[in-house]
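Asks: Chain by chain, the residues run as shown.
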Amino acid sequence: MSEGWNDALRMRPGSPPTSGKQKRMAEDGKDDSVATDDDSDLTAADGSLNNTMVEEGSTLLRRMEICVAEAEKRSGKNAVSMQETFTVYLIETRPMDAVAEGRNPAPDSLWRRYSEFELLRNYLIVTYPYIVVPPLPEKRAEFVWHKLSADNMDPDFVERRRVGLENFLLRVASHPVLSNDKILYHFLTEEHGWKEVVYETGFQAKADSRLRALSATFRVRNPDKRFMEMKHYSDELQSHTSQLLRARARVADRLYGVYKVHGNYGRVFSEWSAIEKEMGDGLQSAGHHMDAYAASIDDILEEEEHYADQLKEYLSYAEALRAVCRKHELAQFELEMASQDLISKKQQREELATGIVRTFSFKGMTNKLFGQEAPEQREAKLKLLEELITEGEETVKEKTVECEEHVERAWVDMQRFKEQKDKDLREALINYAVMQISMCKKGIQVWSNAKECFLKM
Amino acid sequence: MSAGAPRGLASSGQKPITEILHPLSAAEETLSPGPDVTVSGGGEKDSGLTNGTPVETSSPASASLLFNRLQLDDDLDGDARDLYASTETRDLFVTVDDPKKHVSTMETYITYRVSTKTTRIEFDLPEYCMRRRYQDFDWLRIKLEDSQPTHLIPPLPEKFVMKGVVDRFSEEFVETRMKALDKFLKRVADHPVLSFNPHLNAFLSAKDLNKRQGLALLTKVGESVKHVAGGYKLRTRPPEFCAMGEYLDTFAQKLGTIDRIAQRILKEQSEYVTELREYGTVYSSWAGSEEELRRPLEGVAGCVTTCCGALEDLSENMSQDFLPVLREYVLYIESMKNVLRKRDQSQAEYEGRLEAAILRKQEDRTPMPVEVEKCQDKVECFNADLKADWERWQSNKRQDFKQLLTGIADKNINHYEKWFPTCLAWSTPYKLLLKIILKN
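Chains as they are written, first to last, in full-length UniProt numbering: chain A, 1 to 457; chain B, 1 to 440.
Hints are not guaranteed to be accurate.
To be verified - Below, a sample of chain A positions facing chain B; criterion: calculated Cβ distance under 8 Å: (1) 236; (2) 258; (3) 262; (4) 264; (5) 272; (6) 422; (7) 426; (8) 429; (9) 434; (10) 436; (11) 440; (12) 444; (13) 447; (14) 451.
What the hints assert, rightly or not - Taking lysine to any residue pairs in the SDA-like style, the calculated list, with each CA pair at most 20 Å apart, reads: (15) A/260 <-> B/267; (16) B/411 <-> B/315; (17) A/73 <-> A/139; (18) A/441 <-> B/413; (19) A/277 <-> B/253; (20) A/381 <-> A/348; (21) A/441 <-> B/411; (22) B/411 <-> A/294; (23) B/411 <-> A/291; (24) A/231 <-> B/285; (25) B/267 <-> A/257; (26) A/441 <-> B/410; (27) A/260 <-> B/258; (28) A/442 <-> B/413.
Simulated from the structure, these hints should not be mistaken for lab results.
Even for Gly, the Cβ is constructed at its ideal location relative to N, Cα and C.
In isolation and in its complexed conformation, chain B is listed as follows:
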């Protein structure tokens, strides 16, 4: 449970293997648009990357296949290179996919396949493939929070769902949740400190997590007691942390607003589609009583129908991909605020102890107690970790939102591109006919 400096990355001795395994080193990394995740049951495709930006690569099992399956996204190429300009070589790749339903006498639940590929010596094997359920992810997160209290732990998707309101086993729900879990794991695996956490190791490689669960609970209780017990009041918060707090508050607010706007758009779009369908049927039924006008009327009816379909796709996309990511970021912000609070507490504790110690020193000249020094260390480490994490977080946030918003723009463009060809198709021959008549 060290809050010390991040450990060094995997040694460069691994490089050759790394390169073969994953040809997309920092200089050539690419992004695929939209927060897609490899969902299919196919065991070949793997994505492993930072912060939920999956890249399609083939299985490292075959080097030649790798180069064939490279996918370059033209649009985002340049920017991708910017982001991953850091010279970190990745040596831990994780993916969450392949949801499966398990039915037992006691309960029904979903498990996900967690695949790992790594060259790190902390792991016994280079590859792992485990089945984990949400509970296990939750366990991991708790362990991480306990063991790395000075670091920002990425959030998990919502734990509880109201039964009857949301179907926990519906395809959409499971897929949304899986994408969020994948993102969570990738963010952890990407973190220079968290990724070396033994609990992560266990999560990724141990057959049985249950044994540790009991222990976890105990430790959790112990930690929280420690934190609360102090009851110290903070005097002055350093300005950079104040700024962080303010930023987070405003940011959360804006995200909330965007969420509301998106929901409103969905509502309006759905009502629009309803009216549009009715509108289309009127054209069709009119076509029935006409001779010359039948084809044009049916043409318009066809356009309208296509438009409805395209709109429904767009709406589905917004609710499946856009909204969940927004909401998850709100959770992320909450986590970050929590960490800020913990930092405040630890500073408060230090200041409190320091004050007490100074008073005592003045009275009976005892030397500065060790706890106070420990506290000071703790605060300084905390501050340093937090600042580093903050930078990472900001950078990742920028990428995530760039991707998210670009995705929504793309979907809107696609929606229009879907239905205007239909209009073009039926009306063009008539326009040409018109031109011929006019030329006479």
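Chain A extracted, bound-state conformation:
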């Protein structure tokens, strides 16, 4: 894993001279966030960069620096010719060797909107069903506590989304398998015509229908135990992260209330100080500290939103993990069905060839009732069956290979995911503790200051 860390160091995007950038990885810029040591840039809030395992092959991120630099509002006509406002995000890329050599060329850039990211992700999910595909930031603001806006156009939401989109790109571009995808490369480099190229791949046709997938879940007989356990785990992960997010939102609400009410002390102390002689100054200053206390909660909770975003990422990741497990169920189910079909066809052939009806069949019944067919007809049927059986054997072979490949590749990626998850969430929790400690220190500071003022009353 240490290799991954070092690569992360090298791969870490610098700060190209465009304005308005606030990367999650540059959280170290904020004074009171995260760890106090100077390795804080690696204990980035999402830890996205820091732990994708880069084993063989040079992933895209090694060769290219990627970031989502800005967000802008645009208006245009949508598909049904209605005026709409939407946000676009600026993706900037630079070749890595240029950066390494110290040259500072201007980055290539293009604008993309959220729906295009969604399209990219859908394409990846269908094309790589054995990969736990990194999730996008949430489509709509969820788990909001009352002060936060649930409006998609809210600047804070847009900013957090920008960071989330960058995170998505970095994760995808550093993935050993996904980073090699041509469509991804096009997404990053060709502004126009990209959508058409994606559609041309015909990936939409390959997508599994929901219904089929669901039916497979219920009817599959021998799914791989490990996948079943992993699926169960993904359910747990989803349940726990969503519970946690809900509870956190409620806690944030309450904490906000507690801090803000203290602001009232500020006002009343100020009013009271007006009628006091000796006590006046002390009261007045203490009042200011109470105001500061009430104001401090805004920053505290804003920082916590980053923590919440990390949790949200893994909430979505749980879904992606489950999708891989479901794909296995589907593949296994189809294999079972194909095998079943082959067996029954072989049985039919046997019956037809020997005339012995082993099992109940409609054909058997009609034979009894209406008499057997003519030998020519039987020959024709037999021939057809042989063809079908040959086809069926091919199908079974294919399905077996499909299934086995999926199992093999998915297992590798699920392991990779597990390690990434453990590392990311551990860091997130540590950062959370650091935030709590910082909150305590601030609280102690404010009340100590207030106490000083009281002592001077």
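Position chain B relative to chain A; hints supplied.
Replies: Relative to the frame of chain A, chain B by itself:
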């Protein structure tokens, strides 16, 4: 029932004993933070001081013990010296502690131990230890109000409690009430005039108060009749008393606001704790389905739980110590306003009588009646007493609030100090681990 000038303090001849008894003379007096009272049943600890600011000293019975048990509060040392810069030597120390429940066929009630130590000659003995109940305190207050109408009598805690709403025998209620009674008695004992009142003497030393109770009622009725009967209207109130009245009104208002804010904070804090507990359990249950993440998740769960505990302590403290003192001050303000009103009345009476007398004098040349002169004296004494009391009151108020607010600041600091070490404890080893990994 004299409204005359305060009597002299205990003679300096007592000094040596005073010093041995209480080494904390004006120059060295200290305060302990927070309105704590020695509650324990231990008979050794005693506090005796002005205006509810107890100091821990040992029993005067043993001089050597005294010096050993001195407690200096570093924080408030300097300011304490400021307050007690007056060169009064204390010679009357009172404490209220040790609540006990008495159950009889007729009723159940609580008594408190009232301990007195004094060198004053007005008392027969240097030490007393009596058991008194709230009724007795109430009696004392009424007697004081009657016998010293020109002085501000400190308030008592609320007399009536709605049965069923508050448990009169719960530990918290009894403790809060006891602290207030202790403060009341200390304020009286500290007052240069009130402390020499014979009723106080009786309260502190007499075995039986009941006999006097009947008398008290009678006298009370008599006095109030006298006061109301005048029905005179006040012409102009001297500006200093107007200012006092306005100040009291505004002050009461501000205290009311602070009370409301504090209550609101308590409410928000309680709801916060409820959500926080739930939040903690989610971490714990998640930890159950993880391997590598189990320890960090449990770490956070632990922090959250500790935070809940610390918050509950803070809230309890606010409702036990902070709010009652605020409320008591509102009562104190009411008492002060009452005294102002009485002063107004006595001025009105004087002005009324004076007017009548002048008219009569103009008509039939009779000399100024004695009552008018008496009234004038009364008003002047009243004004003087009131001004003196006002100064005391202001000074004490300043100290009381300094202590109260510092206390609340301390409690808040303590609350944070309680739970952030837990966060530090579980996260530090991981941070170190992280550093090691990064260094590779």
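Asks: Okay, which hints does this one fail, numbers in order?
Replies: Violated hints: none at all, because every hint is consistent with the structure.
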